[in-house]
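Novice: Now for the letters of each chain:
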Amino acid sequence: MHGFYLERRALPMNTPLSKDLVQHIFTRGAKGSVVVVSEKPQDLAAIAKKQWHVMNRLVQRERASTLKLARIAELSNQIRWMERMSFIAKPIEELPDYSIIFATAEALVLKPPICSTLYITQEVTDEQFHFMTSWLHSDSIVVIYGKYV
Amino acid sequence: MTNHTIFEKKIQTTPKSQPGTLCGICSGLISKGEATVGPYDADGNLTFICNRHLRNSHQLISLLADYIVDEQRELTHRKQYNLGISEVTPDAWFLS
Chain A
1 MHGFYLERRA LPMNTPLSKD LVQHIFTRGA KGSVVVVSEK PQDLAAIAKK QWHVMNRLVQ
61 RERASTLKLA RIAELSNQIR WMERMSFIAK PIEELPDYSI IFATAEALVL KPPICSTLYI
121 TQEVTDEQFH FMTSWLHSDS IVVIYGKYV
Chain B
150 MTNHTIFEKK IQTTPKSQPG TLCGICSGLI SKGEATVGPY DADGNLTFIC NRHLRNSHQL
210 ISLLADYIVD EQRELTHRKQ YNLGISEVTP DAWFLS
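Protein sequences, first through last, are from chains A and B. Quick note on numbering: my numbering labels position 67 of the first sequence as 67, and the sequence is numbered without any gaps. Just add 149 to the spot in the second sequence (first one is 1) and you have my numbering.
In case anyone wonders, no lab produced these hints; they're calculated from the structure. Glycine included, C-beta positions come from ideal geometry on N, C-alpha and C. Be careful, since some hints might not be right.
[What the hints assert, rightly or not] For lysine-lysine, the following DSS-like pairs were computed, each having C-alpha atoms within a straight-line distance of at most 25 Å:
hint : chain 1 : residue 1 : chain 2 : residue 2
1    : A       : 31        : B       : 228
2    : B       : 181       : A       : 31
3    : A       : 40        : A       : 90
4    : B       : 228       : A       : 68
5    : A       : 49        : A       : 111
6    : A       : 40        : A       : 50
7    : A       : 19        : B       : 181
[Said to hold, decoys possible] Label pairs and their in silico Cβ distance ranges:
hint : chain 1 : residue 1 : chain 2 : residue 2 : range
8    : A       : 43        : B       : 176       : 35 to 41 Å
9    : B       : 226       : A       : 97        : 38 to 44 Å
10   : A       : 146       : B       : 204       : 16 to 22 Å
11   : A       : 4         : B       : 183       : 19 to 25 Å
12   : A       : 94        : B       : 175       : 36 to 42 Å
13   : A       : 42        : B       : 223       : 40 to 46 Å
14   : A       : 86        : B       : 215       : 26 to 32 Å
15   : A       : 90        : B       : 176       : 20 to 26 Å
[Stated by the list, open to error] If we take Cβ atoms under 10 Å as the criterion, some of the chain A residues that face chain B in the derived model are:
hint : residue
16   : 15
17   : 16
18   : 26
19   : 28
20   : 40
21   : 58
22   : 68
23   : 71
24   : 78
25   : 92
26   : 141
Chain A with its partners taken away, still in its complex shape (with noise of 0.2 Å):
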């Protein structure tokens, strides 16, 4: 293995996948690129990109009504970084800095990727799951929804 921790998750009741990973992605904070394994990559890009604009919204009401200059700061920093994140429903060759990649764990595994964070919503496999994270840091995360086979 190569360091990287690791963290199972099951989605709770009535909570859908796609909030679920936005809240996870929001507490990682800006650390890098994200890549998400999913069947329908497109699909969850789509509604991914929603939660994550409806949890922009919420991080502005709260600026909005904080006085802590220190806080307003903060949330600023943490608004300014989710509306530079982009969501791309492809493999590529480099991942840039600010942005959540969404794949299918076929593509994944002729391309591995470098990032920081990798979410797997799908069952792969031991050898898919060996060779997607054949190239994450020792700091990378990765996080399991469900089970893999």
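Mind docking chain B on chain A? Use the hints.
Specialist: Showing chain B alone in chain A's frame:
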């Protein structure tokens, strides 16, 4: 497993079922099974956040912002007084 606590006072050797960790934003003790990976702290260590904070977006946004501000202050303080910064500089994870 042998329990060594029977005749020894104030020493507890019974293993916990799951290693616990502190929530980065509320400092509550949680098991890693109910924690979410959070941002890096001022020491460059990975922090964890209670899953229940994620269910309340308003609480998550405000507490996380406060937490990052505190860590940034800590980092600035260390830089100012040359108190040493770990090799993995956590400020790389924060926007400035």
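Novice: State for each hint whether it applies.
Specialist: Hints, one by one, checked against the model:
1. Restraint check: the Cα-Cα separation between residue 31 of chain A and residue 228 of chain B comes to about 21 Å, which is no more than 25 Å; the hinted pair holds.
2. Simply put, residue 181 of chain B and residue 31 of chain A have alpha-carbon atoms about 21 Å apart, close enough for the 25 Å limit, and the pair holds.
3. Using a Cα cut-off of 25 Å, the hinted pair residue 40 of chain A and residue 90 of chain A holds, with the two alpha carbons roughly 11 Å apart.
4. With a C-alpha separation of about 24 Å, the suggested pairing of residue 228 of chain B with residue 68 of chain A holds against the 25 Å cut-off.
5. With a C-alpha separation of about 24 Å, the suggested pairing of residue 49 of chain A with residue 111 of chain A holds against the 25 Å cut-off.
6. For the given pair, residue 40 of chain A sits about 16 Å from residue 50 of chain A by alpha-carbon distance, which is consistent with the 25 Å threshold.
7. The straight-line distance between the Cα atoms of residue 19 of chain A and residue 181 of chain B is roughly 21 Å, inside the 25 Å bound, and the hint therefore holds.
8. For the hinted restraint 35 to 41 Å between residue 43 of chain A and residue 176 of chain B, the CB-CB distance of approximately 39 Å keeps it satisfied.
9. A hinted range of 38 to 44 Å for the beta carbons of residue 226 of chain B and residue 97 of chain A is inconsistent with their spacing of about 27 Å.
10. Between residue 146 of chain A and residue 204 of chain B the CB atoms are about 19 Å apart, so this pair conforms to the stated range of 16 to 22 Å.
11. For residue 4 of chain A and residue 183 of chain B, the hinted distance range of 19 to 25 Å is satisfied, since their beta carbons lie about 21 Å from each other.
12. Between residue 94 of chain A and residue 175 of chain B the CB atoms are about 38 Å apart, so this pair conforms to the stated range of 36 to 42 Å.
13. At roughly 42 Å, the beta carbons of residue 42 of chain A and residue 223 of chain B sit within the given window of 40 to 46 Å.
14. For residue 86 of chain A and residue 215 of chain B, the Cβ-Cβ distance of about 28 Å falls inside the hinted range of 26 to 32 Å, so the restraint holds.
15. Hint check: residue 90 of chain A to residue 176 of chain B, Cβ distance near 42 Å, so the stated range 20 to 26 Å is violated.
16. About 8 Å separates the beta-carbon of residue 15 of chain A from the nearest beta-carbon of chain B, less than 10 Å, and the hint is met.
17. About 13 Å separates the beta-carbon of residue 16 of chain A from the nearest beta-carbon of chain B, more than 10 Å, and the hint is not met.
18. Checking residue 26 of chain A against chain B: minimum C-beta separation of about 7 Å stays under 10 Å; hint holds.
19. A least Cβ separation of about 7 Å between residue 28 of chain A and chain B falls short of the 10 Å threshold, and the interface hint therefore holds.
20. A cut of 10 Å between beta carbons decides the hint on residue 40 of chain A: the least distance to chain B is about 24 Å, and the hint is violated.
21. For residue 58 of chain A, the interface hint holds, since its Cβ comes within 10 Å of a Cβ in chain B; the closest pair sits about 5 Å apart.
22. Proximity of residue 68 of chain A to chain B holds as hinted, the smallest CB-CB distance being about 8 Å (cut-off 10 Å).
23. Hint status for residue 71 of chain A relative to chain B: holds, with the closest Cβ pair at about 5 Å, below 10 Å.
24. Interface hint at residue 78 of chain A: satisfied, since its Cβ lies 7 Å from the closest Cβ of chain B, which is below the 10 Å cut-off.
25. Here the hint on residue 92 of chain A is broken, as its CB sits about 23 Å from the closest CB of chain B, past 10 Å.
26. Given hint, residue 141 of chain A at the interface with chain B, holds; its Cβ is 5 Å from that chain's nearest Cβ, closer than 10 Å.
The structure fails hints 9, 15, 17, 20, 25 (numbered hints given earlier, in ascending order).
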